[in-house]
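A.B. asks: Produce the entire structure from the sequences given, and follow the hints as far as they go.
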Amino acid sequence: MVIPLVFSLIGMLTPFLVAENSLSISKAGQPGQITWEYLKGFAAEYRPNVFTHMIGVAGIIREIGPLPAIDPASLFVLLVDKYLSYLKAAQHVIGVSQPPQQGAGILTPVFTGIIGGGELASIVVSKLTTAVIALGVIIAISSLVSAYIPSILRRLPTLEEKTELLSIIEPTIVMILGSSVFYILLASLSPPLRLDSSLLRRPLDVFAMIMISGIIGGALSAKEYLVIRAEDIERTRSRIMEKIAMLEGIIKSVSGELGSARASTGLEFKEEEAYIADAMIYISEARSRVGVVGLSILRSIEERIDDYLDRVQKIQGSVKNKILNSLSMLAAIAQRGNNQLESIGIGRVFPDPDEVSISEKIEKIVGVYNSYVFNLRASLEKIYSLYIRAIDSLSALLPGDVIAKPATSPLSLYDLGSRGEALSLTIDLWIRLGEIYWDTVRQGIEEVRRYLGEISGNLDSTLASRASKISEDLSGILSRGVASAPEIQPILSEIASLASDIAGGIRSDIEYIEDLAKDLSPEALRVLRFSVFQELGDVERISSMVRDFNGSILSAIEILRSLSTIVKTHRIAMRQDEEKILLLIAYPIARSFLDEQLSIRGSVYITELPFSPQASAIYAKIYSETNRGVQYIEHMGVVERIQG
Amino acid sequence: MSGGVDLIEKISRLPRPSINLEPCSVIVVGDIENIDPVVCFKHRFEGSDSSSLEPHRSSLPRIEGGIWIEYLKSYREAIDRRMRILLIDKTKYKVLILDGSSPLAPAVLSSRHIDGNSSIAFLIIPGREASVFDKSACYASYEIARRRGIPLVLIDRTRSQGVYGFTEGRILRHRALEARISEEVVRNIEQIMGFIRASKRVGVREYIVGEIIGASLKVYGSIYNTFRALEKSILWSFRDLGYIYRSRALYVIAKTPKAYLEELSSSYFKYIGGFIEMMSHNMLYIEYETRLELYDIIALLGYPEIGIPEHVIQGHRALITMNPAIEGETEEVLP
Chain S
11 MVIPLVFSLI
21 GMLTPFLVAE
31 NSLSISKAGQ
41 PGQITWEYLK
51 GFAAEYRPNV
61 FTHMIGVAGI
71 IREIGPLPAI
81 DPASLFVLLV
91 DKYLSYLKAA
101 QHVIGVSQPP
111 QQGAGILTPV
121 FTGIIGGGEL
131 ASIVVSKLTT
141 AVIALGVIIA
151 ISSLVSAYIP
161 SILRRLPTLE
171 EKTELLSIIE
181 PTIVMILGSS
191 VFYILLASLS
201 PPLRLDSSLL
211 RRPLDVFAMI
221 MISGIIGGAL
231 SAKEYLVIRA
241 EDIERTRSRI
251 MEKIAMLEGI
261 IKSVSGELGS
271 ARASTGLEFK
281 EEEAYIADAM
291 IYISEARSRV
301 GVVGLSILRS
311 IEERIDDYLD
321 RVQKIQGSVK
331 NKILNSLSML
341 AAIAQRGNNQ
351 LESIGIGRVF
361 PDPDEVSISE
371 KIEKIVGVYN
381 SYVFNLRASL
391 EKIYSLYIRA
401 IDSLSALLPG
411 DVIAKPATSP
421 LSLYDLGSRG
431 EALSLTIDLW
441 IRLGEIYWDT
451 VRQGIEEVRR
461 YLGEISGNLD
471 STLASRASKI
481 SEDLSGILSR
491 GVASAPEIQP
501 ILSEIASLAS
511 DIAGGIRSDI
521 EYIEDLAKDL
531 SPEALRVLRF
541 SVFQELGDVE
551 RISSMVRDFN
561 GSILSAIEIL
571 RSLSTIVKTH
581 RIAMRQDEEK
591 ILLLIAYPIA
601 RSFLDEQLSI
611 RGSVYITELP
621 FSPQASAIYA
631 KIYSETNRGV
641 QYIEHMGVVE
651 RIQG
Chain Y
721 MSGGVDLIEK
731 ISRLPRPSIN
741 LEPCSVIVVG
751 DIENIDPVVC
761 FKHRFEGSDS
771 SSLEPHRSSL
781 PRIEGGIWIE
791 YLKSYREAID
801 RRMRILLIDK
811 TKYKVLILDG
821 SSPLAPAVLS
831 SRHIDGNSSI
841 AFLIIPGREA
851 SVFDKSACYA
861 SYEIARRRGI
871 PLVLIDRTRS
881 QGVYGFTEGR
891 ILRHRALEAR
901 ISEEVVRNIE
911 QIMGFIRASK
921 RVGVREYIVG
931 EIIGASLKVY
941 GSIYNTFRAL
951 EKSILWSFRD
961 LGYIYRSRAL
971 YVIAKTPKAY
981 LEELSSSYFK
991 YIGGFIEMMS
1001 HNMLYIEYET
1011 RLELYDIIAL
1021 LGYPEIGIPE
1031 HVIQGHRALI
1041 TMNPAIEGET
1051 EEVLP
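Residue numbers (our numbering), protein chains in the order written: chain S, 11 to 654; chain Y, 721 to 1055.
Treat the hints as calculated values from the structure; they're not laboratory data. Beta carbons: idealized from backbone N, C-alpha and C, even for Gly. Fair warning: there could be bad hints in the mix.
[What the hints assert, rightly or not] Each computed SDA-like pair below joins lysine to any residue, with the alpha-carbon atoms no more than 20 Å apart: (1) Lys528(S) to Arg895(Y); (2) Lys938(Y) to Ile222(S); (3) Lys938(Y) to Pro416(S); (4) Lys938(Y) to Ser177(S); (5) Lys938(Y) to Gln624(S); (6) Lys578(S) to Lys975(Y); (7) Lys938(Y) to Val537(S); (8) Lys975(Y) to Glu589(S); (9) Lys938(Y) to Arg557(S); (10) Lys990(Y) to Leu530(S); (11) Lys810(Y) to Ala850(Y).
[Claimed, not checked] So, partial list: chain Y residues that the calculated Cβ filter (under 10 Å) puts toward chain S: (12) Gly889; (13) Ile891; (14) Leu892; (15) Tyr940; (16) Tyr944; (17) Glu951; (18) Gly994; (19) Phe995; (20) Met998; (21) Leu1014.
C.D. replies: Following this line, the structure appears as structure tokens:
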């Protein structure tokens, strides 16, 4: 920017200084005031643009070719002539050749005099040589100083970092300092070189020159400022649009994740969804305003968008967190439930979730969560169905106690999303069940086992081992706790079946004795009565109890109590009855003996019979009671024919 | 079916392979309860509507209106062939359990594979109520056995109906009792046949049986009492009870719990002291355990000749009276 300005000054000032000096020389006593005035007017009102100068300079360089061997003054005039001609041509080309109306009247004679005044040029060349050289040096130095001003400014500590500010104020400073240097050098060199200028005489001109330079520099600075500001706005808009696009992308992704997380996990993300909705509204508003508002509003929009970006990005993490928190909460409840259920004999029914970290993708976290929720539900369903079975079983085992089912199924709660509550409710139901009813069941089962122990001692090995097995199974159930309640009833049914088999066995024994007895002599049976026949009533009662067995512990105890009594007496009765059978099968021998002896001797001592005293006495009794004309004198141990 | 039998009979004429045989064959004829011998080959001959031969059952067609004479004439050879087919002829001992009423019994006893050295026959004597045909058949069986020197164990069915035994939770009576006795003999045939052969040398050929099966000390008081009681449980009818003690040979099969062995032995010797004409005696002891501590005593009392009950002889004579030709035919077919 400085270099073109310097060239511009050189281009503008040089010919007028030359012209003024030549006029001063030709019209002695006529100061260069007029020329300087022209110069001021020209500089103030007619400032060819850089492009025009460039054309002018380029034209000179092209036209001159190899420099002619003439003196420097002639060369200068030639160069000025060529420059002006190209300047004029360029002004025509770019359409700025119309000078302001105000200055037209002043400038025209000057240009005419310079361009067309060949004789004028020849007059001044010889006298101008020194002045031109000096002026060139001054301009060169001024230009040099001006060229260095920006680099000096950039090195100042206060401006070092403020490149934008520097680029705005630089043209003004360069212009003012450049023209100041020019004046200082001109003022310093004019006396020795005998140069004359209004600048040296009129301080107002100096002030005007500096002012004009300042104004030109200021204008350039202002332009620079406006350009920078415009670029800033554009950049900000572009940035905002980019950020909006980014924000929209993230919102789209987060909304998708939220939607799928909500749909698949059933968790609520109201806060996050509200924030996203808010962000989307703001995006719409920002988009409509971003093209029309100024930089400060743009900056506030950008800040707001940045804020949304930051928070929406955090929502991704918060969704994961929320799912993981819910997972941890469920796992903690399940863990507590497992411990409690284990203590009442149910065992660890709830599964543990798969390991997953927050650094995993949300899809994986959702997958783990869903899998856990699914598995947990399956366990809950299992344990709740076991609970219902336990209630049914306990109701059947303890018909007097009314055990109500819960009004709301934990599974419904679970399906409605209150998963933790559903788990806790189920666990509490089990604990309460154990506390309230299990003790009663335990006492009843202990009594059942006591009776089974009593009975098995009086049973044959097969039935005894069945009774022992039942007792062991019940013992196992008691050790496993309330959860095993549903297993009790089938075992009680087994007791009923065992009782039925025992009663059946006793009935078979009775039939066996009955069957044996029918082969024996009827007269003997009139004397001896079989004990087992008296058990028929008890057997029928037990059979009836088995038929009416309602699955309750009390009912099982009643059956076992009756069985306990009968099996105790039955073994003895059977033994006695079998002995009676053995006794009776030998009766034909005894009868034959008695028949023979009585026919020979008329009387027989029972000690003569080949039998034990007890058997002989029984035979004697049977014989005497079943044969007419025979009596058994018990105290004498004699069987004899009754005389007469 | 008869074609199949012919084929089997043709095959029987082919050279026979050497086979390890059971030591004893049991041949059952007539109305005898099924016995359960463990170590013998059992075969039952019976009359039927048709002829058939199965491993354990051999049927021969009934002869309409025929008595034992027709059966003997018609089937003696067939029975011989079947015994050959069934390898009965090759077994060491043959135990015949014959229902004396069966018209087939004389034919079986007449088989050339049955002889006095390797065979013993249980002959169940029918009661007084039996027909003359039955009694005649029984008479013929007895005569054939006697004449061929086949040792006989005679059991009076009337008696077997009036006494009891007890084993394995059931009361034994009648055919069950007969089966149980013959089963015990079959089980111990080796020892018994040794005794019978030896007794035969001193003229003892016919036996009767006494049994106390399912005895208990609570009933009898002592084992000696049990031996005493035997005389009242002999499956034979005597007019003279002293006849028992004139037995020439006594073979006792005793099954008792081990604890009774000593008492059994002393009782046995005390008991045989009462026999006045005893020439040989032996006791086979079998130890066993029972829930009710029961024990069994089975005694075979041997005589040179016991004869058959009078009602059987009279039955045969009555048949001859009705048809005198039978007498001649009887003499013709008897050995």
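A.B. asks: Against this structure, judge whether each hint is valid.
C.D. replies: Against the structure, the hints come out as follows:
no.	hint	verdict
1	Lys528(S) to Arg895(Y)	holds (17 Å)
2	Lys938(Y) to Ile222(S)	violated (160 Å)
3	Lys938(Y) to Pro416(S)	violated (69 Å)
4	Lys938(Y) to Ser177(S)	violated (141 Å)
5	Lys938(Y) to Gln624(S)	holds (8 Å)
6	Lys578(S) to Lys975(Y)	violated (32 Å)
7	Lys938(Y) to Val537(S)	holds (18 Å)
8	Lys975(Y) to Glu589(S)	holds (19 Å)
9	Lys938(Y) to Arg557(S)	violated (41 Å)
10	Lys990(Y) to Leu530(S)	violated (31 Å)
11	Lys810(Y) to Ala850(Y)	violated (35 Å)
12	Gly889	holds (7 Å)
13	Ile891	holds (5 Å)
14	Leu892	holds (9 Å)
15	Tyr940	holds (6 Å)
16	Tyr944	holds (8 Å)
17	Glu951	holds (9 Å)
18	Gly994	violated (13 Å)
19	Phe995	violated (17 Å)
20	Met998	violated (20 Å)
21	Leu1014	holds (7 Å)
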